[in-house]
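A.B. asks: Here are the chains, one letter per residue:
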Amino acid sequence: MRRRSIRSAGPIAALVALALFAVACAGSGDDDAGTPATGGGGTATTEPRLSATLNASGATFPKGFYEVVIAGYKKVQPGVTVNYNATGSGAGRQALQDGVVDFAGSDGLVDPADAAKYKGEFLYVPTVAAPITLSYNLGDVRDLTLDADTIARIFQRQVKTWDDPAIAALNPGVRLPSTNITVARRSDGSGTTENFSRYLVAAAPGTWTLKWGSTVEWPADTQAGNGNQGVAQIVKSTVGAVGYVDLSDAKASGLQFAKVKNKSGTAVAASVDGATAALGGAQVNADLSYSPLDADGADAYPITAPTWILVYKNQPDRVKGEAIRSFLRYMLTDAQALAKDVDYAPLPTSLRDKALTQLESIAVPVA
Amino acid sequence: MTTNTASADPTRPGAVTSPGRAGLSDRVFRGLSLGCGLLVLVILALIAWSTVREAWPAFPHEGLRFFTSTRWAPSAEVFGSLPFVYGTVVTAVVALVLAAPVSVGIALFLSDVAPRRLSRAVGSLVDLLAAVPSVVYGLWGVIVLAPWISRIYDTVSDVTSPVPVLSNLLAGPSTGRSLFTGGIILALMVIPIVTSVTTEVFDTVPTMAKEAAYALGATRWEMIRAAVFPHSRAGIVAAVLLGLGRAMGETIAAALVIGSSPQISARLFGSGDSMAAVIANEFGEAGGIHRAALIALGAELFALSIVVNVAARMIVRRRAGER
Numbered sequence: 001m002r003r004r005s006i007r008s009a010g011p012i013a014a015l016v017a018l019a020l021f022a023v024a025c026a027g028s029g030d031d032d033a034g035t036p037a038t039g040g041g042g043t044a045t046t047e048p049r050l051s052a053t054l055n056a057s058g059a060t061f062p063k064g065f066y067e068v069v070i071a072g073y074k075k076v077q078p079g080v081t082v083n084y085n086a087t088g089s090g091a092g093r094q095a096l097q098d099g100v101v102d103f104a105g106s107d108g109l110v111d112p113a114d115a116a117k118y119k120g121e122f123l124y125v126p127t128v129a130a131p132i133t134l135s136y137n138l139g140d141v142r143d144l145t146l147d148a149d150t151i152a153r154i155f156q157r158q159v160k161t162w163d164d165p166a167i168a169a170l171n172p173g174v175r176l177p178s179t180n181i182t183v184a185r186r187s188d189g190s191g192t193t194e195n196f197s198r199y200l201v202a203a204a205p206g207t208w209t210l211k212w213g214s215t216v217e218w219p220a221d222t223q224a225g226n227g228n229q230g231v232a233q234i235v236k237s238t239v240g241a242v243g244y245v246d247l248s249d250a251k252a253s254g255l256q257f258a259k260v261k262n263k264s265g266t267a268v269a270a271s272v273d274g275a276t277a278a279l280g281g282a283q284v285n286a287d288l289s290y291s292p293l294d295a296d297g298a299d300a301y302p303i304t305a306p307t308w309i310l311v312y313k314n315q316p317d318r319v320k321g322e323a324i325r326s327f328l329r330y331m332l333t334d335a336q337a338l339a340k341d342v343d344y345a346p347l348p349t350s351l352r353d354k355a356l357t358q359l360e361s362i363a364v365p366v367a
Numbered sequence: 368m369t370t371n372t373a374s375a376d377p378t379r380p381g382a383v384t385s386p387g388r389a390g391l392s393d394r395v396f397r398g399l400s401l402g403c404g405l406l407v408l409v410i411l412a413l414i415a416w417s418t419v420r421e422a423w424p425a426f427p428h429e430g431l432r433f434f435t436s437t438r439w440a441p442s443a444e445v446f447g448s449l450p451f452v453y454g455t456v457v458t459a460v461v462a463l464v465l466a467a468p469v470s471v472g473i474a475l476f477l478s479d480v481a482p483r484r485l486s487r488a489v490g491s492l493v494d495l496l497a498a499v500p501s502v503v504y505g506l507w508g509v510i511v512l513a514p515w516i517s518r519i520y521d522t523v524s525d526v527t528s529p530v531p532v533l534s535n536l537l538a539g540p541s542t543g544r545s546l547f548t549g550g551i552i553l554a555l556m557v558i559p560i561v562t563s564v565t566t567e568v569f570d571t572v573p574t575m576a577k578e579a580a581y582a583l584g585a586t587r588w589e590m591i592r593a594a595v596f597p598h599s600r601a602g603i604v605a606a607v608l609l610g611l612g613r614a615m616g617e618t619i620a621a622a623l624v625i626g627s628s629p630q631i632s633a634r635l636f637g638s639g640d641s642m643a644a645v646i647a648n649e650f651g652e653a654g655g656i657h658r659a660a661l662i663a664l665g666a667e668l669f670a671l672s673i674v675v676n677v678a679a680r681m682i683v684r685r686r687a688g689e690r
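Sequence lines, in order, name chains U and S.
Here my numbering is used: position 150 in the first sequence is 150, and no number is missing along the way.
All you need for my numbering is the position in the second sequence, starting with 1, plus 367.
It is worth saying that the hints were derived from the structure and are not from the lab.
Relax, there's no trap hidden among the hints.
Where chain S lies over chain U, by a calculated footprint (3+ residues, C-beta under 8 Å):
| hint | stretch |
| --- | --- |
| 1 | 84–91 |
| 2 | 184–191 |
| 3 | 200–212 |
| 4 | 217–231 |
Once the Cα atoms are required to be at most 25 Å apart in a straight line, the calculated DMTMM-like pairs of lysine to aspartate or glutamate come out as:
| hint | chain 1 | residue 1 | chain 2 | residue 2 |
| --- | --- | --- | --- | --- |
| 5 | U | K117 | S | E421 |
| 6 | U | K354 | U | D111 |
| 7 | U | K320 | U | D98 |
| 8 | U | K160 | S | D525 |
| 9 | U | K251 | U | D140 |
| 10 | U | K119 | S | E421 |
| 11 | U | K340 | U | D143 |
| 12 | U | K320 | U | E47 |
| 13 | U | K320 | U | D353 |
| 14 | U | K160 | S | D521 |
| 15 | U | K211 | S | E444 |
| 16 | U | K74 | U | E47 |
| 17 | U | K236 | U | D164 |
| 18 | U | K354 | U | D299 |
| 19 | U | K354 | U | D273 |
| 20 | U | K236 | S | D521 |
| 21 | U | K354 | U | D287 |
| 22 | U | K320 | U | D287 |
| 23 | U | K117 | S | E444 |
| 24 | U | K320 | U | E67 |
| 25 | U | K263 | U | D143 |
Think of the CB as a built atom: it goes at the ideal place given N, C-alpha and C, for glycine as much as any other residue.
Put together the whole structure using the sequences plus the hints.
C.D. replies: Below you can see the structure in the form of structure tokens.
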């Protein structure tokens, strides 16, 4: 008995420390943007202790960010456990339809034909975005610029060598080798493939014929790698290879990536700032769906992928509903500052405020 | 096995002394074991029912083309399963061609060549191969084997390029992730099961037959040919077909090394795709009709496995009859 009471003092002290720490964090968060909505987010730390287990599954693309958010949220609300299972966007949406998860992560929007299969009205909560790089392996060619049309022709195997006139025209003064181009792409269905192909549909409509989807009908002489790491590995081990890889994996594998010409004709390197600029230039719909692909703005990196959390508007369970709201509020406020460290782009203030306002519409039964 | 039945025997005299209780317990036991047996059927039926139900939207969408079309393009909502059936069959056949002789060799070594102690050690090592998770085989295949073997493939293609049929089958260039690499990995994975079944079959060859062969002056190889093989033919076929079932259903290892290009190509060193692999690869991000089509592939694989299994039984029965 005595030993147990001594042991339990530790966690209590930790809780107090964490609460103080969390209040301090909230304070600094409020300094960033003094908008009413973010101020509301600050209350996340003064709200009563919650106790719930939230299960979620879905997109693998934002997994790195969500892991950091979940770890950070555990410090604010130690009683809430959030499990995010990165099964893929499609599986996440299916799980939400079946009602086996509390919310789902998705890189894509719900097909209007499928909307009726859900158990009620759901909300899109934009959480974060990230650039998709065009990583390449070309030895001492450190500075390479591509545009949508050329990317489309490379990935359709119409441009087959690096010294092709189309590439040379975009890179005056760069000595391009005559190396054959090896195209690396995903073997698994992927939100990254979906966003990359959507970008080509939007930005190179006349050239790109393979349409868009989580799996694309790639030419047979392309190389398939499993996951972002798999593609990165092919690029890294093959001279002349080029592939689409998300920024954090490209950096982790030490790959070089090309600058991509955006809508306003500026060549922009893949970066978190470029992605945030693309979010700023994107047209946001009333339901907070939006596409930052091929966005306006001189600094916008054009291949920027969005991601959302899908959550039911009417929550049947009060405790869980409040925990979901609190967790998502944390993700949109304090956690946004954590995004950059893991190579994701935080939402611009305007979009974040809209998302926070929308969160308030999540209905929870009164006790 | 024999020790088990021997130790069960002492309980039987007890049953004779109290027939009433034994009758009841016999009936309970009978009911329980019948229930367990029926459970298998129920589970199989439920699997079949729910896969077909989930897959159903794909059939009106594609019709017969699902089975005959060679084009799989989820982004265009075209779903033909033939490339995957082709890849599944080719990799499984390559796997068996590679694995069967090796397995029979190992089994002969274990049953007739090696001293008993060595044979037991090697036998458990082979069983250990079966315990390696398939993702480990897959990762080894894609990280270690594929880059290394692509150079061998290229050499083989160069050497065989003047030969008419082989120049097509073995054409390069290869990245190492190919139908053939898939076959090699699958071969490694089916060797344990084929070996252990074959060993058991070889162990059942009557010692008398073997000794008779030796008595007639046969060498060990002649004894194996004259006594072991004729007795075991049906068993070997059964073992190989069991391996075939395993190879056809193998998922993650195949998904990693097969190259993931849904195409029907005679090039063994080129990339392909198999039914199980494409399900593993695309299911997570699939929605709507794409998801249904993947489940339909699962149902087709299920049906194909049943066909292979039934065929295996029939072959075994016929062969057993011949003997």
